[in-house]
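Using the hints provided, position chain C relative to the given structure of chain G.
There are 2 protein chains.
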Amino acid sequence: MSIAEKMAANQKQVAISEFFEKNKHFLGFDTLNRALITAVKEAVDNALDACEEARILPDIVVKITKLDNSKDILQLEVEDNGPGIPRASIQKVFGQLLFGSRFHAIRQSRGQQGIGITGVVMYSQLTTGDPTHVESKIAKEATAVSVDIGLDTRKNKAIKSNQDRIDWGEKVHGLKIKTKLKAKYQRGRQSVWQYLRMTSIVNPHADILFIDPDGEKHHWQRVTERLPGRVEAIKPHPNGIELGQLQRLCSESSESRMTTFLRRTFSGVSQRAAKELCEVSELEEKLKPKSLSAQQVRSLLEAFQGERLLKGKAVKLLNPPTSCLSPIEELLIKKGLSKTIDSKFVTTMTRAPNVTQGNPFQVEVGLIFGEGMAADKPVEILRFANRVPLMYQQGGCLLTKAVESVDWRQYGLDQPGGRGVPKGPAAILVHLASTNVQFTSEAKEALSDNETVMEEARKAMLEMGRGLRKHLEKQKKMSKTIEKFELINDIIPAIAKKSASLLDLPVPDLAASITKIMSAVIAETTTTWNKETKQTDVHIILYNYTSRARSYTMLVNWPERQGATMVGNDLGGRKEAMGVWAWKLETLQPGSQTVIAYSLDGLEKGDWNETDVFYRGSQEVIGATKMDEKLLEEIRRQEEALNAPPPEEGEDSPDDEEEEDPVEDAAEPEPTAPAGDTKQTTLFGGDY
Amino acid sequence: MSIAEKMAANQKQVAISEFFEKNKHFLGFDTLNRALITAVKEAVDNALDACEEARILPDIVVKITKLDNSKDILQLEVEDNGPGIPRASIQKVFGQLLFGSRFHAIRQSRGQQGIGITGVVMYSQLTTGDPTHVESKIAKEATAVSVDIGLDTRKNKAIKSNQDRIDWGEKVHGLKIKTKLKAKYQRGRQSVWQYLRMTSIVNPHADILFIDPDGEKHHWQRVTERLPGRVEAIKPHPNGIELGQLQRLCSESSESRMTTFLRRTFSGVSQRAAKELCEVSELEEKLKPKSLSAQQVRSLLEAFQGERLLKGKAVKLLNPPTSCLSPIEELLIKKGLSKTIDSKFVTTMTRAPNVTQGNPFQVEVGLIFGEGMAADKPVEILRFANRVPLMYQQGGCLLTKAVESVDWRQYGLDQPGGRGVPKGPAAILVHLASTNVQFTSEAKEALSDNETVMEEARKAMLEMGRGLRKHLEKQKKMSKTIEKFELINDIIPAIAKKSASLLDLPVPDLAASITKIMSAVIAETTTTWNKETKQTDVHIILYNYTSRARSYTMLVNWPERQGATMVGNDLGGRKEAMGVWAWKLETLQPGSQTVIAYSLDGLEKGDWNETDVFYRGSQEVIGATKMDEKLLEEIRRQEEALNAPPPEEGEDSPDDEEEEDPVEDAAEPEPTAPAGDTKQTTLFGGDY
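Going line by line, the protein sequences match chains G and C.
Per our numbering, the first sequence starts with residue 402, numbered consecutively.
Per our numbering, the second sequence starts with residue 402, numbered consecutively.
Okay, chain G solo, but in the shape it has when bound (with noise of 0.2 angstroms):
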């Protein structure tokens, strides 16, 4: 035998499972506390999207005990209330890699690749040599099964043992495993404490339990009883979808017609696009795509991508809709990070949706800066993609970086070399809900580099930076008038008691002088939680620190959208548009005050820390923003994209909607704006 020979015949062919073994540090199991940190986070993302899927409130309990010690080998329990597996799937599920069912589904999800819980079955049993303990019950059975799943990596199949059926008593439906692995327990930013807590925050709606080694218990309790809203599969999109995908989409295809095909296969293709796609890329309407050739094929897709024109114009195609996305939301977010951390300010900003390669997108992010943090520490960074915490390979993630990429000296954090991690008493969450998040590797830890999604995460920090900005510049504005009226409260009235008694003539009334000398009308805005009434009290002061009388409207923002209601509100006003509210004020004459006061109602402690003043009036006021119409439209614009109300609960599950044909029912929507744009925010602010 040759060398060429000698060196082909000891190829193989090796298996996926053989594989992720081999390199199950690609999976999140490289060091003995990661491994217990992914161990966890499979189970309870497969819980949270279990739950989210049947539509249940999440309850989870995660136990974690010490076998023996000298060895690391830990017992990991986790155990849901979400609908179950099926007896016939449980093996499948828990024995064989990439076996799963959100793969193709273009929607967002935690897990995506049919990986994860196996992936943990598979440590679990190459270190210990012991299989996995699964208890299953589903609603209309009246016993859950009991199995132990064991994975046959040289096929990539379960190796099932000692299945039974088990009474589980009052308990409907559920999941329970019970894994013992080789790992490490430990405490801090990255353990599984960590992960569990980050983890409620963005998933408010879900109740964690956790029984660590010690058998000390930590509960996360349900913050709301509202699910996050439903997310529907949607068909892919032409934006960005590669000629490979394309090619195949064709000939597998089994339409009879190109224009059926355009409008059944993709999302964004109405009946006439369809036809004008045929048009521009020389097809005939009747054409099977099964029968394209690949220059048919390369045409399509150029049509796809605008570079054949109709009449001079691309071909319009509508946005993907947003219903397959599940935004935390600015509230859930502001609630999250003050709840985290104790401290006064916080902004938020949430992007509209976009697209990238055929997946939609959303970035969402918020910055708690003040009392509480280290001033001379980079600042924290907290990760999220589709509602799950990311817990490591921090610098090797597209969030960091759009982090990094930002000069934030400019919005008064600092930072050396205005590149990095800026420093400063802040923490800055962000959070990417994606259809498709792109991760670097299996373990799903750090985002990998993409243009769009980092082009909209720097946009967010740059919004959000300004708002930093802002709020610095304004408490910088305050104290010094603060401190100019303070002194002059001082002083003055000093002179004046030194000067009358040097006369021998009465002190003089002053607060004429004083408000000549101050010129400025200033609002001072307290927004506190009083633990009495569970009520968030707002409290502004207008002083008239000038020599002539003054006339305002003075505005608010507050949490309309979000449920809460205003009482206690005595000078009564009127609504300015949805989160808006304004009065108008009576004359205020020099040298006097006027306070507006009101509770919030239905909010919980967090949920609303800081308002908004803005007013309408020819001087300036100290400690508000003048109001304009487009200040305003903003405003409206954001109430309405960030706070859609949930969607409705249908009985059908969203593929179901597949099986109708939209062809001949479906209304003919109105080409929208392309991605990115503004008016993308209606479509996901609309009813769906």
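The hints are all genuine.
Derived list of chain G stretches under chain C, where covered just means 3 residues or more per stretch with a C-beta under 8 angstroms from a C-beta of chain C:
no.	segment
1	420-432
2	503-516
3	530-541
4	641-651
5	693-699
6	834-844
No wet-lab data here; the hints were simulated from the structure.
We put the beta carbon where it would ideally sit given N, CA and C, even for glycine.
Here is chain C on its own, set in the frame of chain G:
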């Protein structure tokens, strides 16, 4: 159907090829720039691996052509003079994922997974719709095979077309691939050019020609005719094996006796050790491995891990042979660094081989410091794994973390806060050679966390840091002494002249006075490349600026093992140890000086930039290091460990050896010290 059943009904098995097509970013195809580098990397790595295995000095040509500017479509051609691939194997190598020869082999190689080049074919097909053209010629066939390979991703099977036989003229063997892909060519730090340049640095035996899209040719010529040492596949080592692996090895074994099984299946197990392992794990020697119970396997693992004792001691195992590794070696690192960056001071450090999870590995580091580099920027980190440059994900890589974990301030580099990448005019090279490089993902760009590897890398950095500190201290001391000397040489004569002229006396001889004031012995050493003679000239001047006569033996290090010869050494001297030369000098009178001069032949520019000078004598020599036995032993050890001769070239492929029966024939080697110990280096340095 209940919700649980509906959900289960949607679950499907996904093919590995579908998985990687969707997750192409795992393979390094996330951005258009990186996609091109990844494609080049996979093709070149394969070429280098194949040539190395077939013991061929590689000639590689890489050509990139722009096909369609507007659409970012490039054509990549890579041609090598490797052994070629037999016709029947081509379709599997290029069209089937997880097919390869290196997955199960425990030895150092660039490719390990059987994914790389098929990933390129897949990405090409996905983005352009076209197959990849492959031509292959093996030595024993008269013509080359020409064929186009595509991929059926639903089945993970190749699609073959246009197969033919063509004439290659003179060329006896090799491989050509030509593929089109959506990608961007760009210059700079993350570019094809940079990748090939770094590759040539650590593969000096390769000749690489690159033709860029502008038709410009970049040629990195072969620098040495010596191939890297042949790496041999070894058997798994009991150290760090997991229970699940051991179970499988037992159950799949056809051996009839435990002792034979232990000797034949594992490396490091002698006949005596096999008997002892059986004894402590209470297994009869005659037992069939296949028949072991779960508990018996567990006992055996405990014996492996040293938890079962024989007369109070763990069973001694041999270290795994390190013939499976191919480090770059100190001299090449120095050479590589000096060639890349034009600076004077280079220090390197190669750690002795160690073992993690049964896999031998070795860490090598190098540091270059000085002129021509920015002093206020982070140092450049050059990462390599198994002679492959790592270009992406620097932040998430263990090698970077090792650099960051050192407090470089104590070694003379700037590092705010004592953490993170240090700043200064330096570049740090780190190379991990391992039989199983654990990357964070299939893209093979960053190493995942591993405590043992981290510790080795850190130790290497610390030792190297000490070298840097010594150099900087020496430099500082020298420059201070010279400054003092120059000052004295200026002032004293001026005073003498003035005084003499005032007193009308002749100017006195000042040498004695100056010497008295200086009170130091100074060695000035220069090591320079002589263009004319193609030799490295070393010049040492020893000044006695003290008032007494002095006696010294001076010593230098020199690259004896690397094949250099010492010429023009008129002072003679003698060999003190391998790589250390010594001269016993004549007594040096006060104010006098001696010159040691010689040249090194057989080296190339950049091979040897600095000579370390040592002395034996009572008075300190500024510019040299006091030699003691410990230091000499250290130098001896390093020489021995690092500069082993190239292995004998045999005709047999390494795998053939497995067919021999090692039990009867093999001599009983003595057990050696545990991994990490210095003794281990003798194993590595010995003849193999």
